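Colleague: From first to last, the protein sequence lines are chains A and B. Note that this note's numbering has the first sequence beginning at 1, numbered continuously upward. Note that this note's numbering has the second sequence beginning at 1, numbered continuously upward.
What the hints contain is simulated information worked out from the structure, not anything from laboratory work. Please read these numbers as outputs of a predicted model, since none were measured by experiment. It is possible that some hints are incorrect.
Unchecked claim - Pair ranges (Cβ atoms, derived):
| hint | chain 1 | residue 1 | chain 2 | residue 2 | range |
| --- | --- | --- | --- | --- | --- |
| 1 | B | Glu-76 | A | Ala-312 | 58 to 64 Å |
| 2 | A | Ala-304 | B | Ala-120 | 43 to 49 Å |
| 3 | A | Pro-180 | B | Glu-17 | 56 to 62 Å |
| 4 | B | Ala-120 | A | Arg-292 | 53 to 59 Å |
| 5 | A | Ala-134 | B | Glu-17 | 34 to 40 Å |
| 6 | A | Leu-9 | B | Pro-73 | 40 to 46 Å |
Beta carbons: idealized from backbone N, C-alpha and C, even for Gly.
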Amino acid sequence: MGVLVGILLVVAVVTLCVGERTYSPAQVLQVLLGERVPGATFNVETIRLPRMLTGLLVGLGFGMGGVVFQTMLRNPLASPDIIGVSAGSSAAAVVAITMFGLSGTALSLVAVVCGIAVAAAIYGLSWRGGVHGARLVLIGIAVGAMLDSVIAYAMTRAGVYDANEALRWLTGSLNSAFWPGVGPLAVAMAVLLPVLLALSRRLSALQLGDDTASALGVRPDRTRLALIVVAVAVVSVATATTGPVAFVAFLSGPIAHRLVRGTGSLLVPAALVGALLVLVGDLVGQHLLVARFPVGVVTGVLGAPYLLWLLARTNRSGGSL
Amino acid sequence: MSTHTLAVEAATIGYDERVVVHDMTLEVPAGRITTIVGANACGKSTLLRAMARLLKVRTGRVLLDGRPIDTIPPREVATVLGLLPQTPVSPEGIAVADLVGRGRYPHQGWFRRWTAQDDAAVEEALRATDILDLADRSVDELSGGQRQRVWIAMALAQQTDVLLLDEPTTFLDVAHQVEVLDLLTDLNRARGTTIVMVLHDLNLAARYTDHLVALREGRLVAQGAPSDVVTPALVEEVFGMTARVIADPVSGTPLVVPVGRHHTPTNPQVTPQELTG
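If we strip away everything but chain B, and leave its shape as in the complex, we get:
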């Protein structure tokens, strides 16, 4: 199990003049799945990017194993902490195995050749993501779900104990979303990889998460186990939406059912009489 720790300490994060995340303090539980949720533009991706040291914090610190992350050589960080960005770029015509192999970069020296160990890591990553049979295919030809698996495989080939993912299920249909989250859960259970991700779908987050972090306008609103944290009051506060919370009939985790203005028994938009009449 991962013993590496990742923490954010009193961090203010932003772009140019604009501050997006205010005074954030957060400790990522090692070996668990943490999900950051919140409304659009609440700063969840910004927070993740700062944790992956793609963004510098203005004030405060991001600590990897207790050391400020920007003082550690980038390649050393890359052997501990991996990231799947929201929109990675795949070079034209690149083969799946070649792309996945690039995840080995931090483990190679200036002139060190490709080794059997690298081969093994790539094969294991392809196997874990169930795309071994696609190894020779061109990434361009794959479906969205397959392509996302390829990128996850690349991050796996990097063999980091901590893996950050920025909206790994965006652009995927619901079946592929569940597939990706199942895969991440496998990874977490089999290897104890610490996973931190940003998700849009609160219900999937509640089901697949050990530790939920809710943001509103760049500030931490609540954190903890989904069953403790997800309540109608929280949904109201974070998303500005009235909702009921029931037990997910499959997993028993909280299931958020939005109320909305229409289609509610107390305020039917179209009555049955109108329909037949």
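Next comes chain A alone, as it looks inside the complex:
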């Protein structure tokens, strides 16, 4: 895990150094310490730093929110971007932009509230005296498909300018990450992520089945509800900031699981992997390809093959999700 933190720091610094003009880490450090370096100060402080911080925070949120869902429902497919929670935020935002002309804070708020509402609906629809992972995944995928059609409908009716604005909500992008957005995002994550960490030991008990969890003194339904509410809030806030950065929530947990192998909670490693995925994805999308792509396109290309592999594998091993 120390290694993960190290790599993340390096990537964060590289993000600040690399761009149209590349600065040395020393110059970047000078800027960060408040010295004025002609050119570098504007580029790093005004453009790259908020972009990096946004990517970092959103990545932490997607990573931790995703792994909470996957662990709680004991199903790698049960990540918020697969089961329609992120789609709820996106659809609400697209409808709000194209039909009601909302923008700014109001828009973000609508996206967060609708993400939580959609999650509540999915939870309610899959409730049969308890929530079973596979049922929730299937219902979530169906709800996601419905929301996608809502998005498609809104997009066909939208004017060109609105459609362009709405597009940001469909493929996650850091292109509009500036200072005013960083503050609220940082506050939300600083409040919500520690709550998830505080619940992580209950989550570990819940992983052993409801009976064992009760035997250990954890109330299963109450704990599950608390975890869902907080995790959905985290993912919705992240989605409201950058749009759904494809597959980051879905990939972080499994990657972290393979990296740290064995002991302990996956919450922190998955959050770090999520941040790493977003920052590296953005670096690749911005600088390594012939054209500039939003980060969501890059992570989407990474995530889709894994989803296929996971589906193929679960099908082979008896068809249960």
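Given the structure of chain A, go ahead and fit chain B onto it with the hints provided.
Modeller: Okay, now just chain B, sitting in the frame of chain A:
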């Protein structure tokens, strides 16, 4: 020795509309091994689940140390009373030591870190169940018998004075069944842990039990020491089966020998003449 008491008082227990256990009153002897037996669907697991407060009683009460168990904070109950459910779930790829360590949950606070005391409890649990050498292995790779030991170790790491087990020997072959019951007996003798379990096998129950509780259709039929309770009449009443009861040549406890319709001297299915002819 355990001084905690567990009792059921005039309890009716059930699921949704269906009442499974009727008017049950039962006192679990402290520091002894109690086994609940009965035919399939007689309510024995239901009774155990209610005692572990996984099920709410409709009427009546379950009392832990004289207090209604549902009025005690769950985590406090979990420091006194442990449970090994029938089908616990092991997360994919989890290591044995990690799983056993999760039994420490009730002893930890919101942000309290793992302590040397937790380490000691886990090591002791691994040692008692003789799986210390498996500590780093993945639970997925283990045999059924080893896996059951891991789960028992987790319950031991919880360090409760009362331990409930729901059919701990199901899915195990006969050698592993005996091994698990020997282990529970060790635990009971060494630490005085009060053990309450549900078992299918009446003969193993009779051998390994201090206090036998027999149920039929959700009602208490008999309870007491196996040598007093296990009789042909009881077997007939509880299982609807004709049987002889002889002394177990190894332990001297009652051994139930079913009569059945075939293979009895008075009603041979295949006579020797038929075989040779």
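Colleague: Now tell me if each hint is right for this structure.
Modeller: Hints versus structure:
no. : hint                                : verdict
1   : B:Glu-76 <-> A:Ala-312: 58 to 64 Å  : violated, 47 Å
2   : A:Ala-304 <-> B:Ala-120: 43 to 49 Å : holds, 48 Å
3   : A:Pro-180 <-> B:Glu-17: 56 to 62 Å  : holds, 58 Å
4   : B:Ala-120 <-> A:Arg-292: 53 to 59 Å : holds, 57 Å
5   : A:Ala-134 <-> B:Glu-17: 34 to 40 Å  : violated, 27 Å
6   : A:Leu-9 <-> B:Pro-73: 40 to 46 Å    : holds, 42 Å
In summary, the structure is inconsistent with hints 1, 5 from the numbered list given earlier, while agreeing with the others.
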